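S.K.: If you want the building blocks of each chain, they are given just below.
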Amino acid sequence: MDYIVEGILEAIRLLITGDPEIYQITWLTLKVSGIATLISLLIGVPSGLVLAWVQFPGRKIIMSIVNMAMGFPPVVVGLWVFILLARNGPLGFMELLFTPTAIIIAQAIIASPVIMGLTAAAMMSIDKEMRYQVKALGASKLQGIWLLLKEARFSILAAIIAGFGAVISEVGASMMVGGNIKGYTRVLTTATVMETSKGNTALAIGISVILLTITYLITSGLTALQQRGGQNR
Amino acid sequence: MKKILYVFMLLLFAVGLVACSDSDAQGSENVSNETQENDANSKEENRNANASEDDFFILATTTSTQDSGLLDVLVPMFEEETGYQVKTIAVGTGKALDMGKNGEADALLTHAPASEQELVDGGQAINYQLVMHNDFVIVGPKADPLGIKELDSLKDVFTTFASSEEGIFVSRGDDSGTHKMELSLWELAGVEIPTGQTYQETGSGMGDTLKVADQKAGYTMTDRATYLALQSEMDLEIVFEGADELFNIYHVMQVNPELNDKIKAEPAETFVDFMIREDVQEVIREFGKEKYGQPLFFPDAN
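In order, the protein sequences belong to chains A and B.
This note's numbering applies: residue 1 is where the first sequence begins, and numbers increase by one.
This note's numbering applies: residue 1 is where the second sequence begins, and numbers increase by one.
Hints listed in this document are in silico derivations from the structure and should not be mistaken for laboratory results.
Warning: the hint list may mix true and false statements.
Straight-line Cα separation of at most 20 Å, SDA-like style, residue types lysine to any residue; simulated pairs [said to hold, decoys possible]:
no.: 1; chain 1: B; residue 1: Lys155; chain 2: B; residue 2: Pro194
no.: 2; chain 1: B; residue 1: Lys95; chain 2: A; residue 2: Ser140
no.: 3; chain 1: B; residue 1: Lys262; chain 2: A; residue 2: Asn88
no.: 4; chain 1: B; residue 1: Lys291; chain 2: A; residue 2: Asn88
no.: 5; chain 1: B; residue 1: Lys262; chain 2: A; residue 2: Glu95
no.: 6; chain 1: B; residue 1: Lys262; chain 2: A; residue 2: Gly92
no.: 7; chain 1: A; residue 1: Lys150; chain 2: A; residue 2: Ser140
no.: 8; chain 1: B; residue 1: Lys95; chain 2: A; residue 2: Trp80
no.: 9; chain 1: B; residue 1: Lys142; chain 2: B; residue 2: Lys216
no.: 10; chain 1: B; residue 1: Lys149; chain 2: B; residue 2: Lys216
no.: 11; chain 1: B; residue 1: Lys262; chain 2: A; residue 2: Pro90
no.: 12; chain 1: B; residue 1: Lys101; chain 2: A; residue 2: Ala86
no.: 13; chain 1: B; residue 1: Lys262; chain 2: A; residue 2: Met94
no.: 14; chain 1: A; residue 1: Lys60; chain 2: A; residue 2: Ile126
no.: 15; chain 1: B; residue 1: Lys155; chain 2: B; residue 2: Asp244
no.: 16; chain 1: B; residue 1: Lys155; chain 2: B; residue 2: Val120
no.: 17; chain 1: B; residue 1: Lys101; chain 2: A; residue 2: Gly92
no.: 18; chain 1: B; residue 1: Lys101; chain 2: A; residue 2: Arg87
no.: 19; chain 1: A; residue 1: Lys141; chain 2: A; residue 2: Arg153
no.: 20; chain 1: B; residue 1: Lys95; chain 2: A; residue 2: Arg87
no.: 21; chain 1: B; residue 1: Lys216; chain 2: B; residue 2: Gly147
no.: 22; chain 1: B; residue 1: Lys101; chain 2: A; residue 2: Leu84
no.: 23; chain 1: B; residue 1: Lys291; chain 2: B; residue 2: Gln231
Nothing here was measured: the structure is a model prediction, and the numbers come from that model.
Can you build the whole structure from these sequences, using the hints too?
M.R.: Listed below in structure tokens is the structure:
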């Protein structure tokens, strides 16, 4: 029992004293997962739009693949990214394995289908009538897309939250393609795994509390944004 | 509403920019120009300020060198001294050797002499050097339901594990050096590995496997270093030790740079030389004495 209390005290100590290693790990975690989410946003929202609105052959199959990919196990993604980026792999010449970039690639692959699928679902739920109305009112194509995106903003923010949540909490892929290298690719989740197996349970609890705290702060920021939008309507 | 969206997108974009510039630089290992945004980083990074693009290498090693904390002492020492940066990938010895064989790592620090010899014979590993040893011990619950403490020979210990209906033996089951050693001991005792509930494989590192054994009140085989590092957290104690067969020997080696053109021969060679140097061997000898009252590793290089 003692180590639970010890762990929470450890978390407070880490935060207050500003342990440089923990700050570095936290910052890297935010950066890596932030960029991965951003990339997924850039991939997921436009392709989600296309999937929702454009009729093309094979659309249903793609939709079902995207829905399946929303549940991609991170370790599977990690394994394939590892194989691709390994020195002997097809992309080995880029020497990206065991770098933060490798983690970003893996996480973007994990989060993109989530954002794509949820965006598509949100866009499909918008009334067809409304789409015609927007057109009828003389909006250009871009204006129309912008208006409808605004209409679906709650769902899209929810998609971003889901995508970010998926990658910041993910450990399997980060471990495999990042390698948990001290001061370089060690993120909060992999540090927690390592400290646990090293027997530093208090430190592991401390790190996990930090992870929970920053995840909460970011998602609650996004939630506030979502809700504030609601009142302005 | 529009404003908020803009602000949000800008924020995301800004984070992206900062991070992109950083991650790009990390590809070239020289992160020292990027310190402005984070003071906490600067120490770590400045240390390698003189390092150029190719001055890093991948060290694939066993979990025990990381979990015991030995590498936390040696790696910073090496980096400080040489300016090279070590990317330590701590995995089971099986995986580490596999990375060496495929040219995915530049140097290896492992403890499975028989499997290592295959790489040396196959020409994938060169500059093969003895570094240190410690020993394996059999640990189990304090109550010792199988009475292992009473036994005198390793053969009896494993025969007892194999024949008893109760009592759990927890195995690494991950093709690591420790796992390979354990398998060889069943063979040595001339008994079949039990099937069913009495033999459980975790497929994880030593620290995790010890915890499983602890929680299930089972027995396991562990290197002494990891056991000592975790001892205070667990109710396991040593039930058998001291047999010659339980020697745990660590070697360091370079991956043959001819395997592919990305292998960093120079830093790897420097690391091998470093590990077997007199003063570094002395650091290994002293490591852990203060904390555990006994050394965790015994240096063997001449």
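S.K.: All hints, please: hold or fail.
M.R.: Going down the list of hints, with the structure as the test:
1. Lys155/B <-> Pro194/B: 15 Å, holds
2. Lys95/B <-> Ser140/A: Status violated; Cα separation ~57 Å.
3. Lys262/B <-> Asn88/A: It holds: about 10 Å lies between the C-alpha atoms, which stays within 20 Å.
4. Lys291/B <-> Asn88/A: 42 Å, violated
5. Lys262/B <-> Glu95/A: 8 Å, holds
6. Lys262/B <-> Gly92/A: Roughly 9 Å separates the two Cα atoms, so the pair holds.
7. Lys150/A <-> Ser140/A: Holds, because 15 Å separates the two Cα atoms, which is no more than 20 Å.
8. Lys95/B <-> Trp80/A: 16 Å, holds
9. Lys142/B <-> Lys216/B: 12 Å, holds
10. Lys149/B <-> Lys216/B: 19 Å, holds
11. Lys262/B <-> Pro90/A: 14 Å, holds
12. Lys101/B <-> Ala86/A: 13 Å, holds
13. Lys262/B <-> Met94/A: 10 Å, holds
14. Lys60/A <-> Ile126/A: Status holds; Cα separation ~18 Å.
15. Lys155/B <-> Asp244/B: 12 Å, holds
16. Lys155/B <-> Val120/B: It is violated: about 31 Å lies between the C-alpha atoms, which goes past 20 Å.
17. Lys101/B <-> Gly92/A: At roughly 16 Å apart (the allowed maximum being 20 Å), Gly92/A and Lys101/B satisfy the hint.
18. Lys101/B <-> Arg87/A: 12 Å, holds
19. Lys141/A <-> Arg153/A: At roughly 18 Å apart (the allowed maximum being 20 Å), Arg153/A and Lys141/A satisfy the hint.
20. Lys95/B <-> Arg87/A: 15 Å, holds
21. Lys216/B <-> Gly147/B: Between Lys216/B and Gly147/B the Cα gap is close to 17 Å, so the pair holds against 20 Å.
22. Lys101/B <-> Leu84/A: Given that 20 Å is the threshold and the Cα spacing comes to 17 Å, the pair holds.
23. Lys291/B <-> Gln231/B: Cα-Cα ~12 Å, so holds.
Checked against the numbered hints given earlier, the structure breaks hints 2, 4, 16 and satisfies all the rest.
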